[in-house]
Amino acid sequence: MTRGLTRRQIGVTEEMIETFGDTIFRMSHNHQVRDGDPYRTLDWDEIERQREQMGLSDAQIAARIGLTQNQVLYIRTVLERRRFHTGHYVRLLELGGGKRFRTERFTPHLDHFTYSDDALELRAAMSFPPELAKKYVEEGWWRDDTLSGWLARHVDERPDAPAIRHGETTISYAELGGKAETLAGALLGIGIGPGDVVAVQLPNLPEFLIAFLAIARLGGVMQTVHMPYRAAECETLLKHSAAKAVICLSEAKDYAPAQTMRNLQNQCPKLKHVIALGPPVAGAQSLSDMIASELAGALPDPPVASDPFLLLYTSGTTAAPKGVPLSYHNMLSNARLGAPEHELGPDDVILSAAPFSHLYGAYSFHVAMAVGACNLLLPAFTPPGLAAAIDAGRPTALWTAPAHVAACMNAGLFDKTDLSTLRLVIMSGSACPPELVRAFQAKVPNGKVTQLWGMTETQGGLYSRPGDPPEVSAGSAGRPSPGTEVRIIDPETGSPRKPGEEGELQVRGPLLFPGYFKNDAATEAAFAHGGWFRSGDLAVEDDGGHVAITGRIKDVINRGGVKFNPRDVEDLLDGHPAIAQSAIVPMPDPVLGEKACAFVTLAPGAAAPTLEALAAYLLKHRIAKTKLPERLVVIDEMPLTPTRKVIKGRLAIPEA
Amino acid sequence: MARRTQDIDPAEAKAAIFEYCKRKGALAVGVADLEAVERICPPGYRPTDIMPRVKSVISLGVGGQTQGAWSVPAKALGYFGSTESRAYTITYGLSFMIESKFGVPSIYCPPDMDPDAGPRVPLQSLKVHAEIAGIGARSLAGDILLHPEYGYMYFASVFTELELPPDQPMATNPCPAPSCVNMYKQIGRTPCMKFCPVQCLDGEVDLETGEQKVMRYDMAACAEMTQQYETVPSAIMNAINASEPQDREDALFDPDNKMLWYKMSVGSGGLLAQCFECMRVCPIATKAPLADPILRHDAAEAAKAKTTKAAE
Numbered sequence: 000m001t002r003g004l005t006r007r008q009i010g011v012t013e014e015m016i017e018t019f020g021d022t023i024f025r026m027s028h029n030h031q032v033r034d035g036d037p038y039r040t041l042d043w044d045e046i047e048r049q050r051e052q053m054g055l056s057d058a059q060i061a062a063r064i065g066l067t068q069n070q071v072l073y074i075r076t077v078l079e080r081r082r083f084h085t086g087h088y089v090r091l092l093e094l095g096g097g098k099r100f101r102t103e104r105f106t107p108h109l110d111h112f113t114y115s116d117d118a119l120e121l122r123a124a125m126s127f128p129p130e131l132a133k134k135y136v137e138e139g140w141w142r143d144d145t146l147s148g149w150l151a152r153h154v155d156e157r158p159d160a161p162a163i164r165h166g167e168t169t170i171s172y173a174e175l176g177g178k179a180e181t182l183a184g185a186l187l188g189i190g191i192g193p194g195d196v197v198a199v200q201l202p203n204l205p206e207f208l209i210a211f212l213a214i215a216r217l218g219g220v221m222q223t224v225h226m227p228y229r230a231a232e233c234e235t236l237l238k239h240s241a242a243k244a245v246i247c248l249s250e251a252k253d254y255a256p257a258q259t260m261r262n263l264q265n266q267c268p269k270l271k272h273v274i275a276l277g278p279p280v281a282g283a284q285s286l287s288d289m290i291a292s293e294l295a296g297a298l299p300d301p302p303v304a305s306d307p308f309l310l311l312y313t314s315g316t317t318a319a320p321k322g323v324p325l326s327y328h329n330m331l332s333n334a335r336l337g338a339p340e341h342e343l344g345p346d347d348v349i350l351s352a353a354p355f356s357h358l359y360g361a362y363s364f365h366v367a368m369a370v371g372a373c374n375l376l377l378p379a380f381t382p383p384g385l386a387a388a389i390d391a392g393r394p395t396a397l398w399t400a401p402a403h404v405a406a407c408m409n410a411g412l413f414d415k416t417d418l419s420t421l422r423l424v425i426m427s428g429s430a431c432p433p434e435l436v437r438a439f440q441a442k443v444p445n446g447k448v449t450q451l452w453g454m455t456e457t458q459g460g461l462y463s464r465p466g467d468p469p470e471v472s473a474g475s476a477g478r479p480s481p482g483t484e485v486r487i488i489d490p491e492t493g494s495p496r497k498p499g500e501e502g503e504l505q506v507r508g509p510l511l512f513p514g515y516f517k518n519d520a521a522t523e524a525a526f527a528h529g530g531w532f533r534s535g536d537l538a539v540e541d542d543g544g545h546v547a548i549t550g551r552i553k554d555v556i557n558r559g560g561v562k563f564n565p566r567d568v569e570d571l572l573d574g575h576p577a578i579a580q581s582a583i584v585p586m587p588d589p590v591l592g593e594k595a596c597a598f599v600t601l602a603p604g605a606a607a608p609t610l611e612a613l614a615a616y617l618l619k620h621r622i623a624k625t626k627l628p629e630r631l632v633v634i635d636e637m638p639l640t641p642t643r644k645v646i647k648g649r650l651a652i653p654e655a
Numbered sequence: 000m001a002r003r004t005q006d007i008d009p010a011e012a013k014a015a016i017f018e019y020c021k022r023k024g025a026l027a028v029g030v031a032d033l034e035a036v037e038r039i040c041p042p043g044y045r046p047t048d049i050m051p052r053v054k055s056v057i058s059l060g061v062g063g064q065t066q067g068a069w070s071v072p073a074k075a076l077g078y079f080g081s082t083e084s085r086a087y088t089i090t091y092g093l094s095f096m097i098e099s100k101f102g103v104p105s106i107y108c109p110p111d112m113d114p115d116a117g118p119r120v121p122l123q124s125l126k127v128h129a130e131i132a133g134i135g136a137r138s139l140a141g142d143i144l145l146h147p148e149y150g151y152m153y154f155a156s157v158f159t160e161l162e163l164p165p166d167q168p169m170a171t172n173p174c175p176a177p178s179c180v181n182m183y184k185q186i187g188r189t190p191c192m193k194f195c196p197v198q199c200l201d202g203e204v205d206l207e208t209g210e211q212k213v214m215r216y217d218m219a220a221c222a223e224m225t226q227q228y229e230t231v232p233s234a235i236m237n238a239i240n241a242s243e244p245q246d247r248e249d250a251l252f253d254p255d256n257k258m259l260w261y262k263m264s265v266g267s268g269g270l271l272a273q274c275f276e277c278m279r280v281c282p283i284a285t286k287a288p289l290a291d292p293i294l295r296h297d298a299a300e301a302a303k304a305k306t307t308k309a310a311e
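Top to bottom, those sequences are chains A and W. Under numbering that gives the first Met the number 0, the first residue of the first sequence is numbered 0, with each subsequent residue one higher. Under numbering that gives the first Met the number 0, the first residue of the second sequence is numbered 0, with each subsequent residue one higher.
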């Protein structure tokens, strides 16, 4: 309505608004131009000359261009509404108190960053039971920890302290902070922003950690891709994560990662950038150049602790990969609370034999960042490589897996290695034979060998502490990490197991992931009522609350209704002089349902034993007849996860 | 209205009016030349359009901030930058004072918008009144009037049939200040142009005289920052047009828009912050001995008497 009249009564059409709108708007008070100071000086000639540029009334405009006053009024107010941008007052919210408006520093709110649909989907996955989240906050477990915040603190407080040592190269925290910032700026320059997923397939090189910190600084999410993965695995993972960029090597020993990723861009349309470390690759950007670039422009606000920052995929013991989104709350609270339990501090030098692409390796980095310790790098595990890294780098803490230790011990490498600097060893990755822990402890004169149990979904769930008695560290994975609750449950009935009884280990706490990314069915299956995560691991808890991992539920063999965990049989086979490593899996049987099939790799130079000889060996060690393997398969190489855990799902039973 | 205007000495009346305004808190008072105002303002917006027998336009200005006020965050300055209500109070009283003292019809000029033309058009230009009355000069900051001694003020006007000797516009314009001219020489902009959050100000300074040459003001852009009433229908329109329920809810209930509803509530005089029922039953609030102004006065008098007695 205009002065009580409708648009039809006034006779205004959309075409009329189109024709005269801009003219009316400009002749009105909406734009004013004054030459000189004619009103103050009462210069009437100038006042008359400037009437139109100073703004006319509706009636004056109407007379000037031949419309009715009502038509001018209507059209002017329509234009004022259509051209009005809301929300401009927010520009005031950061002004005053010494801060003045600067055009060059201002981003119109409509141009502000907006999360992509993919990023929002990942953020939506960070859903935790509210009553548990409340508890984690109230208990102080979930705080404002972020990698960027920790790095900034170390740069500020201990700029010259070593953050990374790799061979002869040492990178201080100040240098690390600088490199991470410039890479973050370069990533921002190619369109990577908060919430975007960047995949990283790199060995444990300084560039891995620089990339991790740069992605984190941007508020991005790092997806790790294990080094052994090739095109098929990469395609599945990159599609699932909707990664916008991938950082990888230009070339590897038997594989061209950057070219492989370039080829995958056709199948993965969201993968916009391939960033390569090493010689130039056509169509790929140089990671080294990006790290060395100048920081141009401001970085976005740093992330906050509730943001997702890591997207890991379970280590392959299940057929389909499951994406595990993790927030700083989950991971860094666990690392912050864990560091004092492991008795680690800023002067420690931590060596991880596990790849950073795996949660266990990432945990070593998170703990190091929690305290500002030095990360001593071993690009890829080999027994001689680990021994040499310990000799040369003199670490005070070692993250390793039973298979790593066994390989070094079997090769006699630890007899020749100076292990005297080690104050702490953590062994994790698979159930750990007690005798291996004891044997390694005997080699470490000044340190404590401990065990840790964790999963991609949990990080450090259980661990023994350096002060624990030897029998605890050798015979169990220790006690829950701070804030973590565990329980042992009968997997079939769901009822609690008593101390000493085997059952499924279930976990709950601030460390726990929220659920699998874009996989509701897997999430549904993974959680029990009350937010308990079904680990799938079999465990026994003693009266002191120490939990020993005894196997995997999926490994249990059901032989004619008699169920057994083959772990003790495997431990015995691993001790057989002719066998390097063993794994027992169920094989279908028309009568009994399942029987045990043993896969073995042979010790160097050993002849393959017969099934009968192995059975005699096991019976001699008091293994029940029902648990004896009923088929033996000798293979050249055991399929292993990056933490040297056997991937039983890949052991294909050959035709009889 | 007992007295006839010919019995009133215009100069004495003007002095009495000015004295009243100053006593009530006006920083500056002036009388605008009616003929000049009538000539400048377009038809429909002249003093005679709302008071046909008006003889004089009295303009006054109030304002003033502490030095500290200029350093507060902008969001706070917005709340205490406006002092116009004090100006309206004084002119409202002045119109009664003139009628009472001189017996001549007077009106407080409504400082409001013209319902005939929408909310960007005032009924009367208080700015023109003040400028012609000589209590402010147009600045490069979108013609905001400035005074060399009182800075920027809020203005209000009284129209009266009492004929008063008019004042002259200010002889010189304090804008631009010498420091602003210096900045203009260096970067081609004055501080108000450079730091305007919506960049609605532009202009030129004569480098020889240091005076204003051109003032350009994008009032539409300024309104986007300052005229929040325009945002209210936009918020509702966004809610109507939103296809997603969450977007619709945000359009009505997000903090920015809830601030609008809050301000509308304040303007309506509705319940705000508290209902006072807790204070109604609070003995401290209800029985405070000096909450009553009469008791407070009595206490002050008693204290004064005690002091006097002690001195004796």
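The reader is advised that the hints may include incorrect statements.
What the hints assert, rightly or not - The list that follows gives simulated cross-link-like pairs (lysine-lysine, DSSO-like), each with its CA atoms no further than 30 Å apart:
| id | chain 1 | residue 1 | chain 2 | residue 2 |
| --- | --- | --- | --- | --- |
| 1 | W | K21 | A | K98 |
| 2 | A | K98 | W | K184 |
| 3 | A | K133 | W | K126 |
| 4 | W | K305 | A | K98 |
| 5 | W | K126 | W | K193 |
Claimed, not checked - Derived CB-CB ranges, DEER-like:
| id | chain 1 | residue 1 | chain 2 | residue 2 | range |
| --- | --- | --- | --- | --- | --- |
| 6 | W | A15 | A | V32 | 17 to 27 Å |
| 7 | A | M0 | W | I49 | 21 to 31 Å |
| 8 | W | T88 | A | R50 | 40 to 50 Å |
| 9 | A | R50 | W | A284 | 53 to 63 Å |
| 10 | W | P232 | A | G188 | 32 to 42 Å |
| 11 | W | A75 | A | M0 | 33 to 43 Å |
Hints listed in this document are in silico derivations from the structure and should not be mistaken for laboratory results. Quick caveat, the model's predicted, so the values are computed rather than measured. We put the beta carbon where it would ideally sit given N, CA and C, even for glycine.
Hints and how they fare:
1. K21(W) with K98(A): Violated. K21(W) to K98(A) sits at ~36 Å, over the 30 Å cutoff.
2. K98(A) with K184(W): holds, 23 Å
3. K133(A) with K126(W): violated, 57 Å
4. K305(W) with K98(A): violated, 53 Å
5. K126(W) with K193(W): Given pair K126(W), K193(W) holds - Cα atoms ~24 Å apart, limit 30 Å.
6. A15(W) with V32(A): 17 to 27 Å: About 41 Å separates the Cβ atoms of A15(W) and V32(A), which means 17 to 27 Å is violated.
7. M0(A) with I49(W): 21 to 31 Å: Between M0(A) and I49(W), where Cβ atoms are some 24 Å apart, the hint holds.
8. T88(W) with R50(A): 40 to 50 Å: Cβ of T88(W) to Cβ of R50(A): about 34 Å, so the range 40 to 50 Å is violated.
9. R50(A) with A284(W): 53 to 63 Å: holds, 58 Å
10. P232(W) with G188(A): 32 to 42 Å: Holds - the Cβ-Cβ distance for P232(W) and G188(A), about 41 Å, lies within 32 to 42 Å.
11. A75(W) with M0(A): 33 to 43 Å: Since the Cβ atoms of A75(W) and M0(A) sit about 38 Å apart, the hinted range of 33 to 43 Å holds.
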